[in-house]
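2 protein chains.
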Amino acid sequence: MKYCFGVDVGGTSVKLGLFTTDGEILDKWEIPTRKENKGEAILPDIAESLRKKIEDRKIDKGEIKGIGIGIPAPVTGDGIVKNTANLCWGYKEVNRELRELTGLDVRAGNDANLAALGEMWLGAGKGQKDMIMVTLGTGVGGGAILDGRALVGANGASAEIGHVCVNYHETKKCGCGKTGCLEQYASATGIARLARMRLAWDEEPSILRNQKKLDAKAVFDALKEGDAVAEEIVEQFAAYLGHGLANVAIIVDPAVIVIGGGVSKAGDILIPYIKKYFLEKAFFANTETEFMIAQLDNDAGICGAAKLMIDK
Amino acid sequence: MKYCFGVDVGGTSVKLGLFTTDGEILDKWEIPTRKENKGEAILPDIAESLRKKIEDRKIDKGEIKGIGIGIPAPVTGDGIVKNTANLCWGYKEVNRELRELTGLDVRAGNDANLAALGEMWLGAGKGQKDMIMVTLGTGVGGGAILDGRALVGANGASAEIGHVCVNYHETKKCGCGKTGCLEQYASATGIARLARMRLAWDEEPSILRNQKKLDAKAVFDALKEGDAVAEEIVEQFAAYLGHGLANVAIIVDPAVIVIGGGVSKAGDILIPYIKKYFLEKAFFANTETEFMIAQLDNDAGICGAAKLMIDK
Chain A
0 MKYCFGVDVG
10 GTSVKLGLFT
20 TDGEILDKWE
30 IPTRKENKGE
40 AILPDIAESL
50 RKKIEDRKID
60 KGEIKGIGIG
70 IPAPVTGDGI
80 VKNTANLCWG
90 YKEVNRELRE
100 LTGLDVRAGN
110 DANLAALGEM
120 WLGAGKGQKD
130 MIMVTLGTGV
140 GGGAILDGRA
150 LVGANGASAE
160 IGHVCVNYHE
170 TKKCGCGKTG
180 CLEQYASATG
190 IARLARMRLA
200 WDEEPSILRN
210 QKKLDAKAVF
220 DALKEGDAVA
230 EEIVEQFAAY
240 LGHGLANVAI
250 IVDPAVIVIG
260 GGVSKAGDIL
270 IPYIKKYFLE
280 KAFFANTETE
290 FMIAQLDNDA
300 GICGAAKLMI
310 DK
Chain B
0 MKYCFGVDVG
10 GTSVKLGLFT
20 TDGEILDKWE
30 IPTRKENKGE
40 AILPDIAESL
50 RKKIEDRKID
60 KGEIKGIGIG
70 IPAPVTGDGI
80 VKNTANLCWG
90 YKEVNRELRE
100 LTGLDVRAGN
110 DANLAALGEM
120 WLGAGKGQKD
130 MIMVTLGTGV
140 GGGAILDGRA
150 LVGANGASAE
160 IGHVCVNYHE
170 TKKCGCGKTG
180 CLEQYASATG
190 IARLARMRLA
200 WDEEPSILRN
210 QKKLDAKAVF
220 DALKEGDAVA
230 EEIVEQFAAY
240 LGHGLANVAI
250 IVDPAVIVIG
260 GGVSKAGDIL
270 IPYIKKYFLE
280 KAFFANTETE
290 FMIAQLDNDA
300 GICGAAKLMI
310 DK
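So the protein lines, in turn, are chains A and B.
Read in order, the letters of the first sequence are residues 0 to 311 in numbering that gives the first Met the number 0.
Read in order, the letters of the second sequence are residues 0 to 311 in numbering that gives the first Met the number 0.
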């Protein structure tokens with residue numbers, strides 16, 4: 000078969016892509032995510048958008064392998080979502096419902112796991128079989144690929160890298176209710192917090208003190224200008240992240256770790272900092288692990304979704 | 000095909016088993032592990048022992064699926080061992096060498112990963128697809144099964160649960176060279192250390208003070224007799240183990256965690272202690288994870304080895 004759709008459902012928009020089964024992106028577009036009435040329109044809207052695309056491009060439905068779809072929630076191996084904070088869904092059988100709406104085969108997965116699969120297929124992890132991806136955005140997400148397949152887990156909740164405990168002495172709570180989660184320090188929000196706390200520590204001069212918006216980007220921009228206080232903040236962020244990733248690598252034994260999400264836009268300058276602390280805690284078998292910055296940006300999700308279906 | 004061999008290579012003896020492909024153990028026996036001359040006799044000895052067994056039982060070689068073999072070292076997906084502390088091997092292509100010696104198909108894996116696979120096939124994890132096994136012996140070993148398959152990893156070193164960092168403030172070194180590894184606290188050696196340190200803390204009376212041999216078994220025996228100091232030691236052990244397993248579960252998302260190794264002979268009394276601390280740090284999606292004591296004892300390795308070959 001020649002074609003496959005990849006769909007990535009987000010809290011505000013749904014990204015859709017038409018792929019060849021060889022990995023060429025033929026088309027990509029977006030539709031809004033309509034969350035009213037428990038998000039009941041989301042899957043029908045996707046089905047309708049795909050129907051139009053098939054019609055417009057005069058594609059023979061028999062040439063379509065199916066639809067892969069990423070959901071921002073745990074998704075079981077059978078495509079079942081138990082609940083989603085972001086989409087207002089309760090229990091939903093995504094594979095079955097979207098198959099009934101489209102007449103096409105469907106395979107659903109967790110969006111972070113599929114982003115990792117996308118980077119493995121067409122991005123930074125190309126050619127790899129064992130890979131971790133960590134997504135540093137507002138929160139910290141993660142995905143793991145082992146032997147070329149995205150991990151799923153018993154509850155569809157594998158590779159929740161943001162909630163690995165990296166500080167057993169933390170007293171403040173993470174959004175998940177636990178304490179000491181990687182997300183508390185290595186997300187964009189966490190980096191901004193580390194920055195505020197460092198600046199509050201003393202009066203050491205720093206260009207960060209003149210910033211209107213003290214966010215992760217400001218910290219990495221200041222680092223690039225040689226600001227010593229910014230470097231201290233980056234060292235602290237990198238220590239939490241590097242130590243956390245070392246603990247993940249001990250379980251997954253990846254060939255490559257891909258750093259994605261908004262924070263990764265700081266670029267390759269991040270890697271030596273993260274690697275230094277990773278090596279401090281890495282098991283001897285994992286010391287050759289390569290670090291790379293993600294390449295597919297917002298397309299990772301649709302790419303991985305298509306790949307999940309293609310590999311079915 | 001009807002038969003399969005499972006082989007488990009240890010530092011002092013090699014365990015061998017003849018299985019039906021349905022999971023019945025027809026025969027099991029042992030031979031010594033001859034480590035002299037870089038362990039060059041180990042694979043030929045195994046081949047000769049299997050040859051005799053085939054002859055004695057008058058088995059048609061065409062009815063044998065092959066040989067699964069567990070090695071106490073990282074083993075890549077292609078059956079390559081880079082070095083082993085315990086067997087004195089350097090680089091060894093186990094699949095190829097043993098295939099050439101026996102004329103049978105061979106598949107090698109890491110012994111701890113295969114023990115986990117064995118427990119999933121015929122032991123405590125029966126019927127599960129997503130499982131972690133942690134082996135509490137002289138050291139702490141581990142294996143992970145995801146979607147019914149033993150994780151391998153890029154270097155054949157997945158699920159090294161004993162070397163997850165559970166104490167970022169430890170200054171004493173683990174055998175692996177790092178600090179704060181789970182193995183430093185939750186192995187039989189670690190438990191004995193926690194016991195000595197607790198007794199050294201003050202003069203509180205405890206039946207442990209009269210023990211000739213203050214080992215893990217003595218601690219759990221004292222716990223069963225209601226000794227309060229022993230309970231404190233078990234709480235401390237369980238905190239390190241429960242927290243470490245919570246960090247592993249966040250990555251693997253298992254349905255069940257199986258506790259094996261010598262320490263697990265203490266039995267079900269361990270489970271509530273471990274579970275209490277696991278839940279303290281578990282991600283919300285993992286709170287339903289079940290805990291079980293391993294059932295196959297020393298047979299787990301040969302069972303898992305056979306299963307690896309059967310699933311090939």
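One thing to keep in mind: the hints can contain errors.
In this list, chains with the same sequence are indistinguishable; a pair is considered to hold if it fits within one copy or across any two.
To be verified - Each computed DSS-like pair below joins lysine-lysine, with the alpha-carbon atoms no more than 30 Å apart: (1) 274 - 64; (2) 81 - 274; (3) 177 - 27; (4) 264 - 275; (5) 274 - 171; (6) 51 - 212; (7) 275 - 171; (8) 172 - 264; (9) 172 - 60; (10) 216 - 275; (11) 125 - 81; (12) 172 - 274.
Everything labelled a hint here was simulated from the structure, so no lab data went into it.
Checked hints:
1. 274 - 64: For residue 274 and residue 64, neither the intra-copy (40 Å) nor the inter-copy (44 Å) Cα distance is at most 30 Å.
2. 81 - 274: Classified as between: cross-chain Cα gap 24 Å, same-chain 37 Å, threshold 30 Å.
3. 177 - 27: Intra 38 Å, inter 47 Å, cutoff 30 Å: neither.
4. 264 - 275: within (20 Å within a copy, 40 Å between copies)
5. 274 - 171: both (27 Å within a copy, 23 Å between copies)
6. 51 - 212: So residue 51 and residue 212 fail the 30 Å test inside a copy (43 Å) and across (76 Å) alike.
7. 275 - 171: both (27 Å within a copy, 21 Å between copies)
8. 172 - 264: Classified as within: same-chain Cα gap 27 Å, cross-chain 37 Å, threshold 30 Å.
9. 172 - 60: neither (50 Å within a copy, 61 Å between copies)
10. 216 - 275: For residue 216 and residue 275, the Cα distance is within 30 Å only inside one copy (21 Å; across copies 40 Å).
11. 125 - 81: Between. Shortest inter-copy distance 25 Å satisfies the 30 Å Cα cut-off; intra-copy 32 Å does not.
12. 172 - 274: both (27 Å within a copy, 21 Å between copies)
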